[in-house]
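Student: Chain V: place on chain S using the hints.
One-letter residues, chain by chain:
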Amino acid sequence: MKSGPFAFVRTTTFRLALVYSVLFGLFSFLLLAYLFQATVGSLRAEADQRLDAEMRALGLAYNAGGLERLEQSVIERALVPGAPFRYQLETPDGERIIGDFPYLPVSPPETVGEVSMVSLSIEMPRGDGASTVTEAEGRIVRLTNGNVLLVAIETGERGRIVRRITQAVTTAAPIGILLALIGGVFISRYAARRAEQLTRTTEAIVAGDLSVRAPVAGSGDEFDRLAQHLNTMLERLERLMASTRHAGDAIAHDLRSPLSRLRNRLEGALISPMSEESARDTLENTVLEVDRVLQTFNAILRLSRLDAGAEGRMVKFDIHDLMTEMADLYEPACEDAGLTFKSDIGTGLMVLGDRDLIAQAVSNLLDNAVKYTPTGGSIRFLVRRGSSDIAITVADDGPGIPEHQREHAKERFFRLDGARTQPGSGLGLALADAVAELHKGHLDLLWTDPPPEPRGLKAVLTLPRDR
Amino acid sequence: MRVLVIEDDREHATFINKVLSEAGHDVETAYDGANGLALARDGEFDAMVVDRMLPEKDGLKLVEEYRTGGGQTPALFLSALSDVENRVEGLKVGADDYLAKPFAPAELAARVEALGRRQVKDEPPVTKLKVGDLEMDLLARKVWRADQKIDLQPREFRLLEFLMRHAGQVVTRTMLLEKVWDYHFDPQTNVIDVHVSRLRAKIDKDFDEPLLQTVRGAGYCLQA
Numbered sequence: 002m003k004s005g006p007f008a009f010v011r012t013t014t015f016r017l018a019l020v021y022s023v024l025f026g027l028f029s030f031l032l033l034a035y036l037f038q039a040t041v042g043s044l045r046a047e048a049d050q051r052l053d054a055e056m057r058a059l060g061l062a063y064n065a066g067g068l069e070r071l072e073q074s075v076i077e078r079a080l081v082p083g084a085p086f087r088y089q090l091e092t093p094d095g096e097r098i099i100g101d102f103p104y105l106p107v108s109p110p111e112t113v114g115e116v117s118m119v120s121l122s123i124e125m126p127r128g129d130g131a132s133t134v135t136e137a138e139g140r141i142v143r144l145t146n147g148n149v150l151l152v153a154i155e156t157g158e159r160g161r162i163v164r165r166i167t168q169a170v171t172t173a174a175p176i177g178i179l180l181a182l183i184g185g186v187f188i189s190r191y192a193a194r195r196a197e198q199l200t201r202t203t204e205a206i207v208a209g210d211l212s213v214r215a216p217v218a219g220s221g222d223e224f225d226r227l228a229q230h231l232n233t234m235l236e237r238l239e240r241l242m243a244s245t246r247h248a249g250d251a252i253a254h255d256l257r258s259p260l261s262r263l264r265n266r267l268e269g270a271l272i273s274p275m276s277e278e279s280a281r282d283t284l285e286n287t288v289l290e291v292d293r294v295l296q297t298f299n300a301i302l303r304l305s306r307l308d309a310g311a312e313g314r315m316v317k318f319d320i321h322d323l324m325t326e327m328a329d330l331y332e333p334a335c336e337d338a339g340l341t342f343k344s345d346i347g348t349g350l351m352v353l354g355d356r357d358l359i360a361q362a363v364s365n366l367l368d369n370a371v372k373y374t375p376t377g378g379s380i381r382f383l384v385r386r387g388s389s390d391i392a393i394t395v396a397d398d399g400p401g402i403p404e405h406q407r408e409h410a411k412e413r414f415f416r417l418d419g420a421r422t423q424p425g426s427g428l429g430l431a432l433a434d435a436v437a438e439l440h441k442g443h444l445d446l447l448w449t450d451p452p453p454e455p456r457g458l459k460a461v462l463t464l465p466r467d468r
Numbered sequence: 501m502r503v504l505v506i507e508d509d510r511e512h513a514t515f516i517n518k519v520l521s522e523a524g525h526d527v528e529t530a531y532d533g534a535n536g537l538a539l540a541r542d543g544e545f546d547a548m549v550v551d552r553m554l555p556e557k558d559g560l561k562l563v564e565e566y567r568t569g570g571g572q573t574p575a576l577f578l579s580a581l582s583d584v585e586n587r588v589e590g591l592k593v594g595a596d597d598y599l600a601k602p603f604a605p606a607e608l609a610a611r612v613e614a615l616g617r618r619q620v621k622d623e624p625p626v627t628k629l630k631v632g633d634l635e636m637d638l639l640a641r642k643v644w645r646a647d648q649k650i651d652l653q654p655r656e657f658r659l660l661e662f663l664m665r666h667a668g669q670v671v672t673r674t675m676l677l678e679k680v681w682d683y684h685f686d687p688q689t690n691v692i693d694v695h696v697s698r699l700r701a702k703i704d705k706d707f708d709e710p711l712l713q714t715v716r717g718a719g720y721c722l723q724a
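Top line first, the protein sequences correspond to chains S and V. Going left to right, the first sequence walks through residues 2 to 468 as my numbering numbers them. Going left to right, the second sequence walks through residues 501 to 724 as my numbering numbers them.
Heads up, a few of these hints could be off.
[Unchecked claim] With a Cα cut of at most 27 Å, we get these calculated BS3-like pairs of lysine-lysine:
| no. | chain 1 | residue 1 | chain 2 | residue 2 |
| --- | --- | --- | --- | --- |
| 1 | V | LYS649 | V | LYS518 |
| 2 | V | LYS679 | S | LYS372 |
| 3 | V | LYS702 | S | LYS343 |
| 4 | S | LYS317 | V | LYS592 |
[Claimed, not checked] Covered stretches of chain V, going by a simulated chain S footprint (3 or more residues, C-beta under 8 Å):
| no. | stretch |
| --- | --- |
| 5 | 575–587 |
| 6 | 665–675 |
[To be verified] Far from chain V by the CB rule (all over 10 Å, computed), these chain S residues:
| no. | residue |
| --- | --- |
| 7 | ALA79 |
| 8 | GLU197 |
| 9 | VAL288 |
| 10 | TYR331 |
| 11 | ALA334 |
| 12 | VAL371 |
Everything labelled a hint here was simulated from the structure, so no lab data went into it. We put the beta carbon where it would ideally sit given N, CA and C, even for glycine.
One chain only, chain S, in its complex shape (with noise of 0.2 Å):
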């Protein structure tokens, strides 16, 4: 989008409130005509109707006796004091015969017999030497001897009411829809602010700045909305660029020492000669380590899988009966490792969640507490109900993880120093951390025995429950 003072004539909001602004005005418009008809033409159509009941009864009177019937009516009318109508009878030369006007205040019709209405202000004396001037409403007309005769009928008050009325309705028309027009480019202008802020922050991501945030105004509005959402898309995309890039760095780093060893032993075996027998217990191992790079390799796709928010088939389940399974998969492991196994698991816990990764993710804590508890050691395998979550609990004997190193405990790759020695990828627990994360719950890493003597892993998997 262009900049300048104007830029914003050519947004959809701006023609948005354009269009609002002429049929505000238009809705105004019709509404003020309405009201000038409702009052001012009412006003207007009485004093026509006695106007022309006037008319009438002085037609009458020339029908009934001519002209000079006619006139002789007007004449005694005009003296009739109190009289609502005002009348004026002059010759074609403008003398007048008789009238409450000096003058005729409009110029007459050439044609005789047609009527004219006129509009007039009558001016009257009063008292103290001024005069009022009063609205009024008339008719003129042309008699058959040439002589011109005028009824008319002061509006007064009403008259008064009828001009303010019409100013009003004029004035107030052309101020509306300025207005109209008016609230219109400043709320175009404020939303095409809000959009042009967007643009501008999807201008950086696209440039490649992932760190940009698109600005929140607090209003809760629907840009604030849309801003908050364009956020959370952001953090998300940031947090898997770095999860990609720590990915990258980690098969690197982790599965170059693997593939080294492998490469030196492969080596080392054609170098030197040996037995039949050697060279199959090489070879042998040689499969086995490479089973393992496989089997880190397949948890690295799946984390990244599961940061993309690919896998995951969610279904509503009752994982009473895995939990159960998983106890009875892992019991004589630990049985046979010298290890005592307690497990204890709740009923009613249901959960929306993929059946697959929430035991591979139990499963890796299981492993876990296996491989790192002494002989002799003992390792509690519970599943709660809690009142919105279901707490997944396997606790065990062994040295534990401190404090400090438990968020980088669930880091891919990361490994306590202890550990290097055991097999294992370092990816139990990172996995174990995503598919927490997947199911909008969170694994916890804690002390078994708590401080003064801290001692033992206890590792909590929480998730959400589904009622």
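Tutor: Just chain V now, with coordinates in the frame of chain S:
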């Protein structure tokens, strides 16, 4: 068994061919989807191994067309696409098993073997299994060896049932985890081995002839 391998990567095809030939199968190979489908229809194979990403005709489409055309030969997908969704896709179009690349040769041999045996059709449902002097009553859920009753946990029963149904064949750890436990991932620890060795303790310990053998680098085999 006559096995059809449909795989476009020559090196891979040769390797699969070698693995299956060494397992005693008669192997024929097709290098693209169209040829593979034609061969599958004409030749009388006992099993087929199909790659998913094939030239001419995609593996999924191939199996789907083969099945809609009435083809009965059991099929196994062998593919680098290995997520649960991919497996579900493959099984939905009519494949019988799914193995992810890269694979262990023993795993492929074991799975192909299992496919072939499965083929006997129109038999009444089995209610009794027998391997040597080991007998299993599937209805009463009881097991005897040499007329001596053996008490098994439900999970051990299912494990033994699977092994007996595939008697004489190599069964891998992954197959057990998938078919007996219905898990689609690899545990880091030797959980499966522990279960198998417990089962072995119950069925073999007090008898002269061991039935349940460990196949080095591959898995297990139940054989009289």
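Student: What are the numbers of the hints that this structure violates, sorted from low to high?
Tutor: 1, 6, 9, 10, 11, 12
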